[in-house]
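Visitor: Throw the hints in and build the complete structure from the sequences for me.
Protein chains in written order, with our numbering: chain A, 5 to 433; chain B, 5 to 433.
Calculated directly from the structure, the hints in this document are not laboratory data.
Hints may be right or wrong, so weigh each one.
Pairs involving identical chains hold if they fit within one copy or between any two copies, as the list cannot separate such chains.
BS3-like, lysine-lysine: derived pairs with alpha carbons at most 27 Å apart [to be verified]:
1) K247 with K277
2) K410 with K205
3) K201 with K9
4) K71 with K358
5) K101 with K71
6) K37 with K102
7) K205 with K87
8) K410 with K258
9) K101 with K318
10) K358 with K37
11) K90 with K178
There are 2 protein chains.
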Amino acid sequence: MVGPKGNAVIGQSGGPTAVINRSFIGAIIEARKHGEILEMFGARHGIQGMLNNEYVPLFVQPNFVLKQISTTPAAALGSVRHKPSKEECSRIFENFKKMNVRYFFYIGGNDSAETAYIINSFAAGEGYDLRVVHIPKTIDNDLLVTDHCPGYGSAAKYVACAFIGDNEDNRALKGVKINIVMGRNAGFLTAASILGKQYPKDGPHLVYMPEKPFDIDRFLKDVESTYKEHGRALIAVSEGINKQGNYSLNEDEKPDYISTWLNSFVNINLPEKYMPKGDSKAVELDSHGNVSLSGTSMLGDILTFIVKNNLDIKRVRADTLGYPQRSFPLAISEVDAEEAYKVGVDAVIASVQKNFDEGSIAIRRLDDYGDYGIETFITPLQSVQRKTKDFPENWFAESGGIDERKFREYVNPIVGELPMSGRFIKAIF
Amino acid sequence: MVGPKGNAVIGQSGGPTAVINRSFIGAIIEARKHGEILEMFGARHGIQGMLNNEYVPLFVQPNFVLKQISTTPAAALGSVRHKPSKEECSRIFENFKKMNVRYFFYIGGNDSAETAYIINSFAAGEGYDLRVVHIPKTIDNDLLVTDHCPGYGSAAKYVACAFIGDNEDNRALKGVKINIVMGRNAGFLTAASILGKQYPKDGPHLVYMPEKPFDIDRFLKDVESTYKEHGRALIAVSEGINKQGNYSLNEDEKPDYISTWLNSFVNINLPEKYMPKGDSKAVELDSHGNVSLSGTSMLGDILTFIVKNNLDIKRVRADTLGYPQRSFPLAISEVDAEEAYKVGVDAVIASVQKNFDEGSIAIRRLDDYGDYGIETFITPLQSVQRKTKDFPENWFAESGGIDERKFREYVNPIVGELPMSGRFIKAIF
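Guide: Right, here's the structure in full:
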């Protein structure tokens, strides 16, 4: 035994994924094997449960329950979006001390890594011996350091399959179809739409990423020429498209989101009784005092409206792919599921090692004579907290579109096999 | 041989489904076995290809191609929404005569059945010996006569899985979540959302069907009390909800759609250059001259807006489930796929029988000592064309909600096995 003897707390935080429970269960099953960890407690809704002292004892859960939870999408412990204040840290540590907590595992993205960092700094300040490990998850795939993030592969598989199906639908009933894809800060998930292209004329024919500046007139020209060429246009648009493009944003500069800009032209004038009440806190106002329409499907709807108004195309539709991207239970990538489990296991193994102090589990890709493989390593919390990673600039081709060869080489093994569409021997379209 | 000797034409029509190609391929493979059918031609985009003489010869397609197409979502021949005029029928029959077409198969919903009916009536009027068979498909499940429609089972499986995943997501990050489900005329697909309920407190907690009148104040009260009880609310809303409720509509009475009503309060005032041009035909105007926002996600967004304004609930989101409902390649029900194949096969078998004239293939459910089974039968085109079927009135419980026992008994065998979510032994929420 090398780690301190004591109890462990584990929590889940941020937007759920289809495989975050794999990491959770991997950590429980591994923790049971280590005598240093006497019991593992699950914090309900992460920090919130730690503040309210709401914990679930996990070692007593039978294996069949753990197995079933591991294949269930979203966070079984409940999730939360909350950064603890100093005062809140004090309250948490009061409990931690009473409970003899010596291990803290927090599964989440960059914001959750920041929470882990705050907890770790507080422990250090108090001279309290606590081993803090951040376990990565995010469908956005935008964590720094790691090659890729558990959760991304399954979300990418969902997006790929949505585009595979929609490409067929759009071939059958031609028109312009816009699909809005999640990922406010990085285009990795939007890029996965290109996996919908299985034959030369397949869509998405146009892909708009948050890393590049979005211009509405350029967009209209693109749609027009694509429609001219193919008689249809299947289009992937990141919810995070903005005027500057993330590459040219300075540190801490906020992007001018196209969704915010377009929403500013929309007025909703419902009968008085259904409108926002002056003193209501339930209405989200943006920094300009406008009613916030973020988290809605307005981006796709207004782009549709603009295409209809400006181009002579009758059939224009949009879908905002929404929460199924992160929670659909039938689009789980096997590799993603295995890796999510592994980062949970490896977090526990790391935590009981002699020299371990704090860190986040990261993935290194191995090229095993051409076969895909990974190993994990520890990176300091400082290196992954808060900031996010862009889609690599050199994965864009000179044309401005995604370099599909480079991106497929990266993404294919993470997503795994996809359903293959059929075509008549002599193309009929 | 009993049917006339000649060629066959097959077409696909209306909104695609995930299994419409199974029916298509089933018909080809069966047709090859019958000497009466010399060749089968696929009409590109249904009636449109028949008007433009665009046909694909199908018997030459290798089996591996047919197999791959059969598992591909959407209509491989292309689809169309068009009712042929008398003049168009004349043109079609000019070609039919030249091509010696004696069999016509049309795969689609009630509108496609009407097209088949028109074609058949025209042939009869001309004294032209043509055997017309309508092959049913629709995700809406609203065809008359048949027990259920191929295409519905897979769409229902998608909806069920979206709710299974979203129920977990909503448990993890609590709030109000509204999902808009397809099905303008009937609530069958919306009802499938209840398959998301696997444990007592699971959602959807509220389900709004087009058969019942929708009242916005009642809706707000429902949401409020559900949120009070569960600390969250997962809600299924049919895109076809309307003020009267379909049950109380007289024949040919149009429903007052809630989506149309809510859209009428929305103004989009984009910079002049992006607004509708006076002479543009690309802009869809409704009968009142308003810009049409149908086919958008506005219903969910405005319901969200109203909930936020009127109830003290911070986290309110909506998703409009969209085209993945009818085209997602990983949510195909095996039973649905088999039955879709069977109706294609049986359409061909029926067409070459001695006494056959015209008809639509319908499904009869067999209770084989408690085991599920089906057989098909022929029903006159007249009996399925144009009109649609409501969700049965006696499948509503006295409370006004869906009678879940009755509906599950009906839908479970069609949808097949669903992924099962896990729960801690001692419930933690």
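Visitor: Next step is simple, just say for each hint if it's right about the structure.
Guide: Hint check:
{"no.": "1", "hint": "K247 with K277", "result": "between (36 Å within a copy, 18 Å between copies)"}
{"no.": "2", "hint": "K410 with K205", "result": "within (20 Å within a copy, 46 Å between copies)"}
{"no.": "3", "hint": "K201 with K9", "result": "neither (53 Å within a copy, 42 Å between copies)"}
{"no.": "4", "hint": "K71 with K358", "result": "neither (30 Å within a copy, 57 Å between copies)"}
{"no.": "5", "hint": "K101 with K71", "result": "neither (31 Å within a copy, 63 Å between copies)"}
{"no.": "6", "hint": "K37 with K102", "result": "within (24 Å within a copy, 78 Å between copies)"}
{"no.": "7", "hint": "K205 with K87", "result": "neither (47 Å within a copy, 29 Å between copies)"}
{"no.": "8", "hint": "K410 with K258", "result": "neither (29 Å within a copy, 53 Å between copies)"}
{"no.": "9", "hint": "K101 with K318", "result": "neither (66 Å within a copy, 34 Å between copies)"}
{"no.": "10", "hint": "K358 with K37", "result": "within (16 Å within a copy, 73 Å between copies)"}
{"no.": "11", "hint": "K90 with K178", "result": "between (57 Å within a copy, 25 Å between copies)"}
Of the numbered hints stated above, those contradicted by the structure are hints 3, 4, 5, 7, 8, 9, listed in ascending order.
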